[in-house]
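Visitor: Using the hints, put the two standalone chains together into the complex.
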Amino acid sequence: MPLDIANLSDASSAAPAKPVDIETERAIVALIYKAARLADDRKYMDWLELFTDDGEYSAITYENLNHKGLRLLRDVGKTALYERVAYLMGVWQVPRGKTIHLVSNIEVTAGEHENAAQAVSNFIMTRTEDLEHTALHAAGRYVDRFERQDGAWLFKDRLVIVDSNLLPGEFTELL
Amino acid sequence: MSDVLIAETKTNDIWGHNSLNLDGSRVIDRRIYVDPAIFDAEMKKIFARTWVWVAHESELPDFGDYVTAAVAGRPIVVSRGAGGRITAFLNVCTHRGAVLAAHPRGNSAGSFVCFYHGWCFDTEGKFTNAPMPIAYGDNLKKACYDAPPIRHEVFAGNIFVSLNPDAAPLASFLGAAGEYIERYTGRHEALGRVRWLLKGNWKLWHENFRDNYHPMYTHRTIGANYQGVKIEGANIDLTGGHSLLSFPSQGNPEPVRTLMRHVTGKTPELPIAGMRRPVGMRHNIMAVFPNLDFQFPSTGDGGGFLQHVRPLSVDKAVVEIVVFGEAGEPPEARQARLDRFLDMQAASGKISGDDNEAARRCSLGFGTVNEVRWSNMDRGQEPGLEGGKNDEYSLRAFYEAYKDYMGDSLPTA
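From first to last, the protein sequence lines stand for chains G and W.
Just add 1180 to the spot in the first sequence (first one is 1) and you have the numbering used here.
Just add 579 to the spot in the second sequence (first one is 1) and you have the numbering used here.
Chain W extracted, bound-state conformation (with noise of 0.2 Å):
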């Protein structure tokens, strides 16, 4: 597109000088996502400084048991202590840098000891003792030899941490999003975690779940299940970057066997596995700024999942995805969740995997980034925070969080 088309700037946004003709706040600029110095900003001005979610208290369930992290590069120890109290500290010990903790998560009976040297750290990393001290003299007593402690609070399970010792208090954070994360996950435990390679920068795997336009494409048997439906559902701002897409379960399954007959040469028989739903079903997929998104149906089904991305360069992320159940719920239902709950998720989901490969073909794309710039992000046009499911209030409430944040490391039009 030529610059001769490029329109005044109607707002004073960075991105507002654009070739589609488009109020700032309504497109992408593509470098985000392929620029290696916007990449390191991220990572100090958003991950270092906003909340992060890094496990959920029932991952830990007794004393010592604790979990490692990563949090904009700094590996982290989340771990439950005397009286059940979370902690959370850098990963690290202060002898010489190994990492106290090597596993993803474990029990450190009340100690860690680092291999390397056997320092040994408390169960909240405060550091109690060391080999053979005497040749210190009394020179360990002259610093501070604990491992960091990092800023941590829990919300209806969810253990979040952040890096800014000035960040707004976790639920003042959370907003809007805070009920529904008590909704969905204040009852609930952790049943497994399952982990993937995202061949593309970690804002294309967090925005997917905020974009409800691309699964009738994308997707072929939602595509299929949506023939003739008219959608419904609602796209809503919840402010702070955080968004809910909410949606009744439409459609049926006729033009979705339609088709399967139509790829293998035969008629499937009825039921088709994903296309079981219970009448009167919600989908609620929420996003909370930066990197996690939870899905949990509206039938009191007692289940659901999150995922958090976690960028590891400016092409590469590692998404996980965290299952729940409802602690307490009868040993067929919980069955059953573990058995199957992943059959539409992860890196082989029926649904998920489509989406990994979206995140690929964009990577792909990109490499026109000097000659197309701009993504279009204009969907819904009537004034305030909501509208249907297939618009954009929420990928619109994304960034302008992420330029918030972002301020003058995003390079102007």
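One chain only, chain G, in its complex shape (with noise of 0.2 Å):
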């Protein structure tokens, strides 16, 4: 079942109160750091194999998810995230940036069955340029549900919800 955004107008209303093991809520946060670590060392090939094969990665501003649900993008499925990888790393002609990810606040719930979760938690992103001093590039929330495949956790989806109103000129850089 996909993500209903419409009903997502307070993202903490993605997080009922069930909580799940202390085992399964490291290995969750350890995947989100991951994603963080991976997204700022460049390695995509290597974030998208932290989503399952009908894995989805979406982002929106917090205007429009209060509004009529425009997103940046939608993603949903490997290839579509194969083609933002392949954009990443040198489809698109924007110089990267060089990113760091801060993700906190992270509260982990349990799912619909034992093999399914979700968090929220806030993150913030800088972003370095050529001859630049470090920027505040992002805030936001993530609302990401994950599946546990084979004994590992993995991205079922991941909606990135961007606070700002404004956004830089450049914003091709994972969120």
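It should be emphasised that the hints constitute simulated quantities derived from the structure, not laboratory data.
Please note that the accuracy of each hint is not assured.
[As the list claims (entries may be wrong)] Sample of chain G residues at the chain W side, in silico, Cβ under 10 Å:
hint: 1; residue: V1209
hint: 2; residue: Y1224
hint: 3; residue: E1353
[What the hints assert, rightly or not] Restricting the straight-line Cα-Cα distance to at most 16 Å, the calculated cross-link-like pairs of lysine to aspartate or glutamate (EDC-like) are:
hint: 4; chain 1: W; residue 1: K845; chain 2: G; residue 2: E1229
hint: 5; chain 1: W; residue 1: K778; chain 2: G; residue 2: D1226
hint: 6; chain 1: W; residue 1: K778; chain 2: G; residue 2: E1309
hint: 7; chain 1: W; residue 1: K895; chain 2: W; residue 2: E936
hint: 8; chain 1: G; residue 1: K1248; chain 2: W; residue 2: E905
hint: 9; chain 1: W; residue 1: K624; chain 2: W; residue 2: D641
hint: 10; chain 1: G; residue 1: K1248; chain 2: W; residue 2: E768
hint: 11; chain 1: W; residue 1: K845; chain 2: G; residue 2: D1310
Quick reminder that beta carbons are idealized off the backbone N, C-alpha and C, glycines included.
Guide: As structure tokens, this is what we get:
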């Protein structure tokens, strides 16, 4: 079932109170951190492998989340995710900046079955361009759902809610 | 380039004396991208005199709904009042100067109440009341305290404003572009906006949508897609500063797959999202002077977008994209549009990402304006108003109008 963003005007509604066991929580938090590190290290093909085959990565501004739901992007499935990675690896001619993702306030809760989980977290992302000082690039919230396959947790979908009402001119980095 | 090479002026055009030995209508003086005095003149002579798009009617469906905008530095409110009537007025409290509406959009519930001292204005900006008015005696009746109205007109749902009471009627201003705007947005509703900061002069963004020479080089997937293809399509001066690019969807995904394999080391599966196009689709990119463009496909897909660029300073602007869907379209079509329409567009878009980079790089390059002053705008040698897709009739249409508006505010060669 796709994430129902129409009923997500307050993203905390995606996080019912049912807790997970400590082992699951550790694994999920480690997965969230790993996604951040791989994006920052530009290991995009490895980042891609953190998703299920039907995994989804999408982004929306907070303004549009609370309006009619116009997303910035929505990649569904490995082929679409691969295509984004190809753009990041050189199809775009935009220089890649040096990024740092800081993820915090992670709340992991149980999913619909024992091999499902979900989490909401906050993120701040900086970006450093050639010959430039480090700048705040994005801030917002991740709304994630996970699936355990063969004992390993993977992203089933990640929705990135971007707080900015005026995006930077270059906004092609992985969020 | 040495001054020795400057040809005799071929026309009376202010740019007729240039080092490229071209007619003045076929070059651009790069000082217009960097000179703050020219920027100030653009605000006065173009943005304060012409019609400027500010909103679509569908963004104000109910009584009291409003959106705010800025035109030539003036904050503006567009508001829906009784009987569905839309009005526009300066967004300012006539008492002490605070803006009346502080948000991009909202609902006034029928009254704009200034947060500072509580002065009240109706949905048309007319002053209705002030708290504790007895302290003014009868003096509030000695002047008009209405927020000044702004001339506005609605065309196919699009709300334009003009600060110029003498501007030609909107339909006359739009001319041949009006037919396309009617077709593109007449049955549509706005689904949302996304805006971003352009690191460059506002004209760089608007030019980009009149220039179809760049896509094969700036956007690597488009370049790959056109490999071995005889390019079709037209680049049309609609007169009045407006223009249209119309071209079929062409090419095949195989070179794009090769490109992606080259950059990733792995062969992608088909279909690649960016290559999914209905057979027979035509792209229509229409530019409206001075800062507006529409992109709507011809397939009856029902959706499209417009972009307008709002200058902030000589080297910064805000670009805003407004996405449209056809009113009453099936929920699945609407959802698909909401989910994926911006895949190619905006600051995160697979196409527009590179367009933003083009503006940034040109802005850096303009540091050489004293040494390399002229840009070539000469593509397409056939006389008349129409040439091939990659020609520059559209671009020349903009600058013909630009020079008319700017008059003697442009420095001579």
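Visitor: Now tell me if each hint is right for this structure.
Guide: Status of the hints after comparison with the structure:
The beta carbon of G/V1209 is not positioned within 10 Å of any beta carbon in chain W (closest approach about 27 Å), and the interface hint is therefore violated. For G/Y1224, the shortest C-beta to C-beta distance to chain W is roughly 8 Å, which falls under 10 Å, so the interface hint holds. Look at G/E1353: its Cβ gets to within about 9 Å of chain W, closer than 10 Å, so that hint holds up. Among the hinted pairs, W/K845 with G/E1229 is consistent with the structure: their alpha-carbon atoms are about 14 Å apart, no more than 16 Å.
At most 16 Å may separate the alpha-carbon atoms for a hinted pair to count; W/K778 and G/D1226 exceed this at roughly 32 Å. Note on W/K778 and G/E1309: the hinted pairing holds, with a Cα-Cα distance of about 13 Å set against a maximum of 16 Å. As the CA atoms of W/K895 and W/E936 are separated by approximately 13 Å, the hinted pair is consistent with the 16 Å bound. Proximity of G/K1248 to W/E905 is assessed by CA-CA distance (about 14 Å); at most 16 Å being required, the pair is judged to hold.
Distance restraint check for W/K624 and W/D641: the Cα-Cα separation of roughly 35 Å exceeds the 16 Å cut-off, and the hinted pair is therefore not satisfied. Distance restraint check for G/K1248 and W/E768: the Cα-Cα separation of roughly 11 Å lies within the 16 Å cut-off, and the hinted pair is therefore satisfied. At most 16 Å may separate the alpha-carbon atoms for a hinted pair to count; W/K845 and G/D1310 exceed this at roughly 29 Å.
The structure fails to meet hints 1, 5, 9, 11 from the earlier list, while all remaining hints are met.
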